[in-house]
Amino acid sequence: MAIFDMDIYAPTKRALELVMPRLTKGSVMVFDELNCRHSPGETQALHEVVGLGGLRLQRVRNQPYCAFAEYGA
Amino acid sequence: MSRSRSVGGCRGCRGRRWTSTHSKARRLAGRHISSEFTRRGRRMTFCWQLELCPHRPPDGSVPGASGFPRRGTRVSRRPPEHEPRPPIPTEGEWPMSRLESAGGAFTQRSTSEHERDAELYQLASSRLGDGSFGVLWNYHFSAFLKRQVIYRLLYQEFLYRRIIDVPGGDPRVRRPLGGHNRHPHQPARHPRALQPLPDDPRARQVQRISRGGRRGRWVLEGRRLFHVGRVRGGAVQDPHHPRVVLTYPSDQEVRPDQRGTWSRRCRRSSNGTPTSSCPWRSSTWTSTPRPSALSSW
Numbered sequence: 001m002a003i004f005d006m007d008i009y010a011p012t013k014r015a016l017e018l019v020m021p022r023l024t025k026g027s028v029m030v031f032d033e034l035n036c037r038h039s040p041g042e043t044q045a046l047h048e049v050v051g052l053g054g055l056r057l058q059r060v061r062n063q064p065y066c067a068f069a070e071y072g073a
Numbered sequence: 074m075s076r077s078r079s080v081g082g083c084r085g086c087r088g089r090r091w092t093s094t095h096s097k098a099r100r101l102a103g104r105h106i107s108s109e110f111t112r113r114g115r116r117m118t119f120c121w122q123l124e125l126c127p128h129r130p131p132d133g134s135v136p137g138a139s140g141f142p143r144r145g146t147r148v149s150r151r152p153p154e155h156e157p158r159p160p161i162p163t164e165g166e167w168p169m170s171r172l173e174s175a176g177g178a179f180t181q182r183s184t185s186e187h188e189r190d191a192e193l194y195q196l197a198s199s200r201l202g203d204g205s206f207g208v209l210w211n212y213h214f215s216a217f218l219k220r221q222v223i224y225r226l227l228y229q230e231f232l233y234r235r236i237i238d239v240p241g242g243d244p245r246v247r248r249p250l251g252g253h254n255r256h257p258h259q260p261a262r263h264p265r266a267l268q269p270l271p272d273d274p275r276a277r278q279v280q281r282i283s284r285g286g287r288r289g290r291w292v293l294e295g296r297r298l299f300h301v302g303r304v305r306g307g308a309v310q311d312p313h314h315p316r317v318v319l320t321y322p323s324d325q326e327v328r329p330d331q332r333g334t335w336s337r338r339c340r341r342s343s344n345g346t347p348t349s350s351c352p353w354r355s356s357t358w359t360s361t362p363r364p365s366a367l368s369s370w
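Protein chains in written order, with the numbering used here: chain G, 1 to 73; chain Y, 74 to 370.
It should be emphasised that the hints constitute simulated quantities derived from the structure, not laboratory data.
Model, not experiment: these values are computed from the prediction.
Backbone N, C-alpha and C fix where the C-beta goes; we use that ideal spot for every residue, glycine too.
Just so you know, not all the hints are guaranteed correct.
One side of the interface only, derived from the structure: several residues of chain Y facing chain G at Cβ under 7 Å [stated by the list, open to error]:
no. : residue
1   : Y194
2   : L196
3   : V222
4   : Y228
5   : R234
Some but not every residue of chain G turned toward chain Y, in silico, with C-beta under 10 Å [to be verified]:
no. : residue
6   : M1
7   : I3
8   : Y9
9   : Q44
10  : H47
11  : N62
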């Protein structure tokens, strides 16, 4: 499980590039400000590195800006 | 039924007398008036349902003396017509315009939540001043003052429960704002440190080691600079395994990530010869360093 909570573009992208080769099928990627209008960089970095089309993002109640996805699921 | 036999009058308007208006209403729409037999006679009930009842309660009120609606009674929960409904907020007006802190930073707490937190803080402070809850309570309860703290705990508990049985690292790339609740779910001490891959160049980077002093030396490994201290001989207790007592040879260099590893395998005296208490006396002294975690992130 990898938790990304940096809110901005550059460090999120760098961390994603480092973490992506280490993910296995079923790894959980957690984003703290995904689809948040105040922090669009995190979503942009995820879109550029991973691609939003290949992830099944999920969200829980009471955490409106948090999202997680299982890699390879 | 005669008026003299009725007891209690109109039940919808308790305490009122049975008036001629009620009798008129009963004649006009008697089927809407139910009745029940009591010891003292027949009792008229629910006449307030008639429009002609002068004591008809206002809309939305609950009939009956107990305060609960009767079976089959419809109680209107719609607000009265004269109360205007609040306008529907549009995008960018509410609540987003209120989710701004005093410093202008983004926050997920609304203005009303700020006010309630301040009020709760005042209440808590007054109780803390009294000291009536005890030391432990005063120390621990403040974490649950915030709504989002509880939600975050539940959220992380939900996430970590998904990876209890999954091996691997657990990098948390975030601002250093505090801990997390991972450890309660890992009683078996699962290793969650990221180990470098075999083809990772950082695993083969040459160490540039400074000249060691009496108290240790500095080691630069990749972008990570750490101090290798010299541990004096003696026995210390392993903080992770309270039953294990680690014995270090005198003046042995121990890196932070290797502390307690060598001495648990072999106990040696200060001159390098195995002692009699060493269970692996025949084994050679190997100081293969473990690959360091990628803490340079």
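Hint by hint, here is what the structure shows:
Residue-level restraint check for Y194(Y) is violated (minimum Cβ-Cβ distance to chain G is 22 Å; threshold 7 Å). The interface hint given for L196(Y) is violated, since its Cβ lies 24 Å from the closest Cβ of chain G, which is over the 7 Å cut-off. Hint on V222(Y) is violated. Least Cβ distance to chain G is approximately 11 Å, over the 7 Å limit. At about 5 Å, the closest approach between the beta carbon of Y228(Y) and any beta carbon in chain G falls short of 7 Å, and the interface hint on this residue holds.
Hint status for R234(Y) relative to chain G: violated, with the closest Cβ pair at about 11 Å, above 7 Å. For M1(G), the interface hint holds, the least distance from its beta-carbon to any beta-carbon of chain Y being 5 Å, beneath 10 Å. The beta carbon of I3(G) is positioned within 10 Å of a beta carbon in chain Y (closest approach about 4 Å), and the interface hint is therefore held. Here the hint on Y9(G) is broken, as its CB sits about 13 Å from the closest CB of chain Y, past 10 Å.
Evaluation of the Q44(G) hint against chain Y yields a violated restraint, the C-beta minimum of about 16 Å exceeding 10 Å. For H47(G), the interface hint is violated, since its Cβ never comes within 10 Å of a Cβ in chain Y; the closest pair sits about 17 Å apart. The beta carbon of N62(G) comes within 4 Å of a beta carbon in chain Y, closer than 10 Å, and the hint placing it at the interface holds.
Checked against the numbered hints above, the structure breaks hints 1, 2, 3, 5, 8, 9 and 10 and satisfies the rest.
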